[in-house]
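> The whole structure should be built from the sequences, with the hints applied where relevant.
These protein sequences, in sequence, are chains L and V.
Sequence positions in the first sequence follow this note's numbering and run 107 to 436.
Sequence positions in the second sequence follow this note's numbering and run 58 to 759.
No wet-lab data here; the hints were simulated from the structure.
Quantities reported herein were computed from a predicted structural model and do not represent experimental measurements.
Glycine included, each C-beta is placed from N, C-alpha and C at the ideal position.
Heads up, some of the hints might be wrong.
[Unchecked claim] Across the chosen pairs, the derived CB separations fall in these ranges: (1) V:Glu164 / L:Ala404: 42 to 52 Å; (2) V:Arg322 / L:Arg300: 24 to 34 Å; (3) L:Ala186 / V:Asp313: 47 to 57 Å; (4) V:Asp549 / L:Arg108: 38 to 48 Å; (5) V:Asn200 / L:Ala404: 52 to 62 Å; (6) V:Glu279 / L:Lys145: 22 to 32 Å; (7) V:Arg322 / L:Pro188: 35 to 45 Å.
[Unchecked claim] Partial list, computed: chain L residues near chain V (C-beta under 7 Å): (8) Met107; (9) Arg108; (10) Gly147; (11) Arg150; (12) Val337; (13) Ala342; (14) Phe343; (15) Phe414.
Listed below are the residues making up each chain.
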Amino acid sequence: MRAFRYHRPADVAEAVALLDADPEAAYLGGGTNLVDLMKLGVQRPGLLVDVTGLPLDTVEPGPDGGLRIGATVRNSDLAAHPLVRRDYPVLARALLDAASGQLRNMATTAGNLLQRTRCAYFQDTAKACNKREPGTGCAALHGQNRELAILGWSERCVATHPSDLAVALVALDAVVEVREPGGPRDVPLAELHRTPGDHPERETTLPRGALITAVRVPPLPFARRSTYLKVRDRAAFAFAVGSVAAALDLDGDVVRDVRLAYGAVAHQPWRAYRAEELLRGRPFTAELAAQAADAELAAARPLRHNGFKVPLIRNITVRALTGLAGSVRP
Amino acid sequence: MSAPPVGAVGREHPRLEGRDKVTGAARYAVEYPVENVTYGWAVPAAATRGRILRVDAAPALALPGVLDVLHHGNAPRLTPGVDADLFLLQEPAVHYRGQFVAVVVAETIEAAREAARLVRIDYDTEPHTTVLSEHHPGLYRPNKVNPSYPTDTEDGDFDGGFAAAEVRVDATYRTPAYHNNPMEPHATTARWRDGRLLVHDSNQGSTPVQATLAELFALPREAVRVVAEHVGGGFGSKGYAKAAVVLAALAARQVDRPVRLALTRQQLFGPIGYRAPTIQRVRLGADADGRIAAVCHDAISQTSTLTEFAEQAAVYTRSMYAGRHRRTTHRVVRLDVPTPFWMRAPGECPGAYALESAMDELATACGIDPVELRIRNDPAVDPEQGLPFTSRNLVACLRDGARRFGWADRDPTPGVRRDGRWLVGTGVAGASYPARARAAAAAATAAPDGTFEVRINATDIGTGARTALWQVAADALDVPVDRVAIRVGDSDLPAAGVAGGSMGTASWSWAVIRACEGLRDRLRQAPGGAVPADGLTVEVSTADEVRAQRPLPRYAYGAHFCEVRVDADTGEVRVPRLLGVFAAGRVVNPTTARSQLIGGMTMGMSMALHEEGLLDERYGDWVNHDLAMYHVSVCADVERIEAYWLPEEDPELNPAGVKGIGEIGIVGTAAAITNAVHHATGVRVRDLPVRLDKLLERPPTR
Ligand SMILES: Cc1cc2nc3c(=O)[nH]c(=O)nc-3n(C[C@H](O)[C@H](O)[C@H](O)COP(=O)(O)OP(=O)(O)OC[C@H]3O[C@@H](n4cnc5c(N)ncnc54)[C@H](O)[C@@H]3O)c2cc1C
Ligand code: SF4
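Okay, here's the thing in structure tokens:
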């Protein structure tokens, strides 16, 4: 692995300035993704700017409800936070279903959102990958692609975003607070990750060197009735092969509001706007939930090995929503 | 039940080295402090078949701290003809992707790794074929199957018997490549001094590794010492000298300094061997009462272009169940892949998955309980050889397991039990594994202070073998255990075979007992029983005794029961309960025996539900080559694993009366689980692993 320098900046401004000055610099959170990729030669930064010492490690209630989650809050701490557990069970569940205890103790909020795809070809420098090396081709498109995308992919890249946390946050309309050399900026999480298009190497809409400082979760009272369902190949310590984040607000049996997002289906956490739209204002039934999922999945284009994700996502959408609806089961 | 143990044998005892291991004091192959040490990093071929045209080491050598780059153009020469897989860095030919074609040596491990990336190799590539198929034109009949079984067997008239049978099952089962994945990778510290080679190596038997290194480097055996005091698992993949030790020894000779070399996790997927994928057709013909008249097992697997390795998958069927008309065959095909090798219960494990699944299909077809079906087809003598078994307690295992599991009131109908979101089912499978022994030497020394030391080059790969031998030695010497010390894991000790084939304890304890008996005789003869100041030593070999064993069928048996739950919406499988009952001769140490049996069952569950090398035929290697992508079962997959054994005395085994327990635990587990999945869902998964997508997408097969 490439020899690198390591620096702990005194404050946010220094961190941003360091990255601005050095095109080979990268932020280091818990390192659970970046360091692995460095060992594999997939990422080769010359300078690591360790942001875990910055004062970005608190979870604070917002003035009007909601939460402000510091960028370096560890996944374990966030999952255990009383406000998260009470007001946003979907968030706690998504965090606890991810990785392992040891990894969650290291992983940070920002690092989790910016973790790279688990596409096997991306992680192997001896194989073709447009994301790792633009223009070399996408080995996954006609290769082993069971884990990869069914929605929003391009011929250039069929990777998925692996984070569970991001799926829950995108369902909650979270906003990412960013510090760029020019100053602070807010980016809705739904706009943070790009579709792969012609440039899968560009994964986010952030400019190089942008530092995530916090994630704001707006107040959403009905998120107390929310859940995260994750399907994986073994019972623990595995990435999702499909997941759903859901929150449901019922007025009698009519859907007043709903939030729905899918994981492990696309290059970004997939907010299911179309399904939400179909659900809103209608009496809730399991059939309606299935129709909503079908409407969202109408655009799905499964690859050779992942056609099962379509019925899988449909089934877990129905299960998540009927579970939340509780007594409204048909 | 058997009488309580009078000596050390049969008693629970924690591993002697347990404390050292959990505190980190136990040293593994690359953890020995060595002065002036350097680091080696292996470079895998990025071509699948072809030749190296050019190696450009200059960019690697330019990196600070890099000492040398070895490749076929400059590496020390090895003796040809010893082992094609180990003839490394000698020729430009590339036989499979990932073959080690260079080694970088540097002052630090980081520099070595970085330089390995910078070695530029140009290849002249040829088209390759890496996919096993029953239609492959290259399939042929090997002369024998692993290790030395006949390739095909035939008895009676299978075709006639099958055609005439009232009930017939004809099914084909597939298993993927499995990768051994011991916790400790293949790793070596090698150093040369005065023409002698010393290696600390992670292996399952340093006597054979010593022999192979001596041949490869054209040295007398005494000039090679191989130490493997603690080994972090092997599961068969370290049963023989492998690439790491050869590369480290080559590199150490080249740079004339000690070299540490450990393979990466990714490098363990291929070059060190793997369980060959199989395609197995099993046909069973029976009468309406389920009595088998005809049985045929045709197994296909792959080998490399370098060395023939023929997985003996159909051998299991030769002795397991009755049936007058029988046939077994094996075919292999040479592909441009690394050579497959041993993995826990090679042959029996995939073979039992196929036969024990077919038995379940037969039970369903006949409408007979699968436990009862197996009991009905328990042969009185070995069905092929006609010889009596030295002991055969399959039926007792099945009955005891059924009682403990609560099998009695099972409704056989598949796909009808539901508990909320879960489909619930139960399954059973039989298991057997040969009880073999091989020759070994051992030495026992009495000291004047009344203590003893027993020495044998056994290898403790984490199983507890060292502890078991220590218990056996204490009883053979008839002294309390605290007066006995045991030394293993060094080729300077009396020579012994590998920890493999479930014959470690059988073979080693045999030699230990004979050495201790010999020593007691000598002590009795010594004047006044006094031990001379420099001690008294007896060294023995069991070669003659082992050779004189009667050629009888000797097997351990087991019965596996399990409950599975399948999520009706997602196809996810959970195992609330896995229960095995085994008849494996005497058990020396219940603590370590239980962990072997539970470990085997866990690995079998992993095989059934998770493990799968995903080959990309365009590259010719397995893409999911780490433990984040190649899933091994975790605790959360299973709630309860229980292992029991029956008391069993078999005088035809060995002095300790053991059959070996390293492998029997894995043998029937996968079939028990897939049979239970069928019972739960009505879906018969005939291609492992049972992934959730297979349960989601497939209609029930009944
Ligand atoms: C075996 C394994 C299993 C896993 N399973 C799961 C799973 O099931 N679900 C799941 O969601 N995740 C899983 N993970 C991934 C894990 O959650 C991520 O590795 C982790 O969240 C990354 O956080 P980190 O702080 O360690 O990031 P790092 O590795 O430190 O950084 C990741 C990326 O984020 C950048 N970065 C870090 N902090 C900032 C910042 N403040 N501003 C801007 N950029 C920043 C880094 O430069 C880097 O590019 C698994 C990981 C492993 C190794
Ligand atoms: S899917 Fe994307 S990440 Fe994977 S190989 Fe293709 S381009 Fe690379």
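> Decide, hint by hint, whether the structure agrees.
Quick rundown of the hints versus the structure:
no., hint, result
1, V:Glu164 / L:Ala404: 42 to 52 Å, "violated (59 Å)"
2, V:Arg322 / L:Arg300: 24 to 34 Å, "holds (31 Å)"
3, L:Ala186 / V:Asp313: 47 to 57 Å, "holds (55 Å)"
4, V:Asp549 / L:Arg108: 38 to 48 Å, "holds (42 Å)"
5, V:Asn200 / L:Ala404: 52 to 62 Å, "holds (58 Å)"
6, V:Glu279 / L:Lys145: 22 to 32 Å, "violated (40 Å)"
7, V:Arg322 / L:Pro188: 35 to 45 Å, "holds (39 Å)"
8, Met107, "holds (5 Å)"
9, Arg108, "holds (6 Å)"
10, Gly147, "holds (5 Å)"
11, Arg150, "violated (9 Å)"
12, Val337, "holds (5 Å)"
13, Ala342, "holds (4 Å)"
14, Phe343, "holds (5 Å)"
15, Phe414, "holds (4 Å)"
Violation of the numbered hints given earlier is confined to hints 1, 6, 11; the remaining hints are satisfied by the structure.
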